[in-house]
Each structure stands twice: as structure tokens, then as C-alpha cells.
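S.K.: As given, the protein sequences belong to chains A and B, one line each in that order. Its first residue numbered 1, the first sequence is counted upward by one per residue in my numbering. Its first residue numbered 1, the second sequence is counted upward by one per residue in my numbering.
FYI, nobody ran anything at the bench for these hints, they're computed from the structure. Take the hints with a grain of salt, since some may be wrong.
[Said to hold, decoys possible] Mimicking BS3-like on lysine-lysine, the simulated pairs with C-alpha atoms at most 27 Å apart in a straight line are:
(1) A:K73 - B:K101
(2) A:K225 - A:K39
(3) A:K73 - B:K104
Residue strings, one per chain:
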Amino acid sequence: MNTALSESVSEAALNFDVLPYEVEQFRDAARNFARNVVKPRVQDLDQAPAAHFDWETVGHGHRIGLTRAAVPKEYGGLGVGMLGVATALEEVAAVCPGTALVFGATLLGQAPVLLSGDPRLQARFLPLFSGDEPVLACNAVTEEDAGCDLIIPSLAGHARNVTTARRDGDHYVLTGRKRFITNAKVAAFASVFANMAGSAGATGLTSFIVPLDLPGVVRGPVADKMGYRACLGSELEFHDVRVPAEYMIGAEGEGMAINMAQSNMARAAVAGISTGVARSALEQAVTWCGERVQGGRHLKDQQFTAAKLADMAAKVDAARMLYLRAADKVDNELPPPVYEPAAAKLFADRTAIDVAETALSLLGARGYLRSYGVEKMMRDALGTRIYEGTPEVLALAITDSLYAEQDEW
Amino acid sequence: MPVFPSGEMAVKVFGSLFGVLLEDEDFVARARQEELSVRLVHTKPDCEIYVAPHGVFAGEQPQGPAAITLRMTCDTAHALWMGRLLVPVAIATGRLRIRGKVAKVLELVPMLRPAFDRYPDIAAASGIGA
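Throw the hints in and build the complete structure from the sequences for me.
M.R.: What follows is the structure in C-alpha cells.
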């Protein structure tokens with residue numbers, strides 16, 4: 001063997017097992033939080049009434065930094081980037097994706113402030129997350145009549161009945177209603193996307209940071225969801241809400257681009273959540289198939305079952321690799337990449353559903369019982385496929401990337 | 001028509017701009033602490049500038065690895081420094097593309113405030129109008 005060659009290969013080799021030290025520390029803290037704090041409560045969180053929210057659990061997560069993982073250190077955050085966020089959320093989601101999404105939605109609400117590069121906005125809003133008590137944020141895009149119309153630029157002209165913003169002196173006045181907004185019931189502020197009055201459809205979409213204690217803000221009823229029950233999705237109404245002009249992000253009419261940029265950031269983390277769901281289902285299946293004996297042999301030793309377990313394990317690994325690559329790219333590129341996060345989310349979402357379904361099938365009747373938790377994974381896996389880009393929206397993003405000109409660097 | 005008639009003119013203006021930043025002791029101290037180095041790749045007209053705590057260098061000869069690389073047209077750079085194009089909009093729309101630790105970039109932007117204040121005068125002194 002050529003020693004010089006092998007040494008150079010060794011030095012250049014990618015190490016898929018080692019994360020940056022701070023990221024690893026944070027991931028381990030998230031794992032302990034998930035196992036020691038969330039797991040004992042997970043069934044209660046799932047079966048409580050829709051509007052129940054467990055601030056105590058969130059408070060524990062806040063103390064290890066889950067509400068401020070992506071906030072720069074100078075504002076009291078951890079500064080562990082999307083890689084830290086995504087790996088931590090995989091750990092929390094492996095126990096309770098709803099709890100993971102409480103923190104993920106907060107990141108999404110923070111994203112426009114982070115992207116703004118405006119020190120005044122950052123100094124006003126980011127230190128909120130480093131106090132003793134947990135503070136949450138949310139991102140308000142979706143409306144009754146407008147979903148994809150607000151996230152795909154070519155559809156913007158067709159959007160209907162979108163929340164409007166009109167300039168009035170040194171304020172903007174917001175009027176309208178958002179739907180399905182995770183954390184809206186419990187957040188301190190929202191990043192809100194509103195169309196400038198007089199602009200067709202959503203062609204004048206503009207991004208604002210809106211403190212939710214402003215007069216005219218009404219937090220609507222909580223939706224009774226199939227899964228993700230540890231986090232609250234609700235309506236958010238704006239009745240002539242006067243928002244200081246300096247709380248606008250970027251410029252009038254640039255909200256669509258900002259929304260896309262923050263979605264591309266967030267999809268890497270959501271893929272981490274899906275991977276957590278899939279991993280958890282795999283672990284349940286591995287345990288069960290290693291214990292259950294039928295026909296004189298463990299299920300794992302029967303070829304048909306072994307093939308399923310192997311397929312599940314490979315998919316979970318592949319999902320993790322895709323989201324790690326996506327998160328690393330998000331941490332090293334602006335504007336955030338389109339392809340890698342979309343591909344990671346598309347694959348991880350599908351994997352979560354496939355692996356949860358197979359796990360449920362392998363556990364047989366027990367898989368269908370609430371007490372084993374696999375049916376919850378199935379319900380949660382179906383939810384992950386919807387938020388931050390359905391498969392159809394992700395497919396458009398991915399396909400656009402395939403036909404886009406390559407960046408020159 | 002491009003704002004800058006030549007790459008040499010762009011280097012002169014943007015080089016002077018970063019020279020201003022390097023006169024700011026706080027900026028230099030922070031840049032050293034963060035091991036901050038920036039490679040600016042401008043197009044239309046083409047030029048490259050490398051900025052590190054120890055100086056501003058023009059040309060395509062690499063002065064060392066840059067922590068952050070920014071790529072944009074000279075017109076985009078002019079609009080940014082004039083304050084007509086905001087950083088989040090430039091980033092979100094892809095007019096400004098950046099490679100390097102995003103966390104470092106986000107910390108860099110507020111540090112550039114003195115340069116934004118001085119740019120109109122620096123550009124005007126070289127005959128580059130608003």
C-alpha cells in the first residue's frame with residue numbers, strides 16, 4: 001500500500017461521527033432533556049386537551065438553551081447554528097416531536113431578526129430569549145385562503161384575502177387573520193407576513209416583527225390536531241394593529257424572498273425532527289423484534305423481518321446524513337441553500353412515515369395500542385410532512401434547483 | 001450602464017471604504033479576535049479585494065484563506081453601501097451571496113456601520129454619484 005497516499009486520504013477523510021464540540025455538547029443536553037424530562041410526560045402531553053400547554057417542560061428546555069440555540073452569543077444565545085438546532089431537535093423529536101416543534105417554531109420566529117442584520121432589532125428582540133423564564137416566538141404566514149400562494153413566488157399574484165399592511169406615519173397598520181400558527185397562543189412575538197395595501201394578491205408581501213401584546217392582536221382558538229399535541233396551533237388576528245416602522249424586516253414587498261430564505265433555513269431542522277421520529281420508531285421495532293419469538297426464532301432472525309429492519313435502519317441513516325449536510329450548508333451559505341434542505345426534508349418526512357408504519361406493522365396489535373407509543377409516532381409522522389413545505393412544494397423547490405444555473409464560486 | 005466604469009475604479013472606492021474600517025480600533029480589535037478576513041468578489045466590472053486586520057489588498061492573488069467570501073455585482077455593492085438596498089433583502093434575493101460561517105457574517109454586519117456612514121462621500125470623491 002502506498003503509505004503517503006493512505007496518509008493523505010486519512011487526513012482528508014470526512015468524519016461522519018464527530019460534530020463540533022459545542023454542537024455535540026448541546027445535542028447531549030437535548031438528549032438528556034428528552035429522556036429525563038419529556039419522556040415521563042409524553043403520554044400526558046399527547047392525551048391532554050388541545051389547548052393544554054406545558055410551560056414546565058418548555059422551561060426545562062429553555063434552561064438548556066433550546067429557545068436560543070441559533071441566537072448569537074453576544075445576545076445571550078448559544079450560537080450553535082442550524083447544525084446544533086437540527087441535531088438537538090432530532091433528540092427531542094425522538095421522544096416528542098410536538099415539544100421539538102415548540103422550539104423549532106421559536107427559531108422560525110427569530111429567523112427574520114437574525115437575517116435582518118439590524119443591530120437595533122436584534123438588541124430589542126434577541127435578548128428576550130436569555131432570561132430566567134422561557135420566551136417563545138412564532139412565524140405567521142398561512143391564512144384561510146392562502147397557503148402555497150404565500151411561499152411560491154409564481155403563485156403570489158393569485159393569493160386572496162391576504163392580511164394587509166398600510167403605512168401610516170412612522171407605523172404600519174396590520175389587518176387580517178392567520179391560521180395554523182404554531183406557538184401563536186404562547187409566543188411573545190411573531191414574524192408576520194402581510195401584503196402591502198394596493199398590491200395584487202401577495203405581490204407586496206412584507207415581513208414584520210409584531211409583539212403580540214400590541215393592541216388589536218387577538219390570539220384565536222387552538223386547533224384540535226391529530227398529532228403534535230404538545231405544541232399549540234392557533235389563529236392569530238390583527239385588528240388595525242399599529243406596528244412601528246422599524247419592525248419591518250428588509251423592505252416593502254420583499255417578504256416573499258425573506259420567507260423563502262427562512263423556510264430554506266428551517267427545513268434542515270424539520271428534517272432533523274422527522275429523523276427523530278423515524279429513529280424512535282426504528283428503536284421500538286428493533287427492541288420488539290429482538291425479544292419476540294415466533295416459530296422458535298426471534299423475529300429479527302427471520303429473513304422477511306430482517307429485511308424490513310435493515311431497510312428502516314438504512315433510511316434513518318440516510319435521512320440523518322441529508323439533514324446534517326443541509327444544516328452545515330445553511331450554516332455556511334447566504335442566501336440559505338434551496339436544494340439540500342428541501343431534499344433532506346422530503347426524504348426525512350417520507351422516511352418517518354415509512355418507518356413508523358413498518359414499526360407499527362411489526363409490533364402487530366401492540367403497535368396499534370396507545371401504550372406502546374408507535375401509533376403516536378405514526379400520527380406525528382404524518383404531521384411533519386405538512387408544515388414547512390408539503391412534498392409537492394418541496395418537489396417544486398428541488399426541481400427548480402435542478403434547472404437553475406450553477407452558482408459560480 | 002454600470003455605476004463603476006472600471007474594475008480599477010471599483011477597487012479604489014471599495015478599497016478606501018475598507019481602509020476606513022481598518023482605521024477604527026474597535027473594528028480591528030474585533031476582527032483580530034474573531035480571526036475575521038473577508039474576500040470580496042465583485043463583478044460587472046470584475047475586481048477582487050481581500051480585507052484582513054493587517055490591511056486591504058486588491059487583485060486576484062490570494063492573500064490567504066478568507067473566513068468569509070462575498071460575491072455581488074459592483075452595482076449591488078454600491079446600492080448596499082449607499083443604503084438603498086438593505087442587507088436582508090440583498091441576501092434573500094440572492095443579489096449578495098456569501099460563503100463562510102453565517103454566524104460570523106451576522107456578527108460582521110453591525111460592525112460595518114461606520115463604513116455605511118462614510119461611503120457616499122468616498123464614492124463622490126471618486127466621481128461616483130448616487
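S.K.: Each of the hints needs a verdict: does it hold here or not?
M.R.: How the hints compare with the structure:
no., hint, verdict
1, A:K73 - B:K101, "holds (14 Å)"
2, A:K225 - A:K39, "holds (20 Å)"
3, A:K73 - B:K104, "holds (11 Å)"
When held up to the earlier numbered hints, the structure conflicts with none and fits them all.
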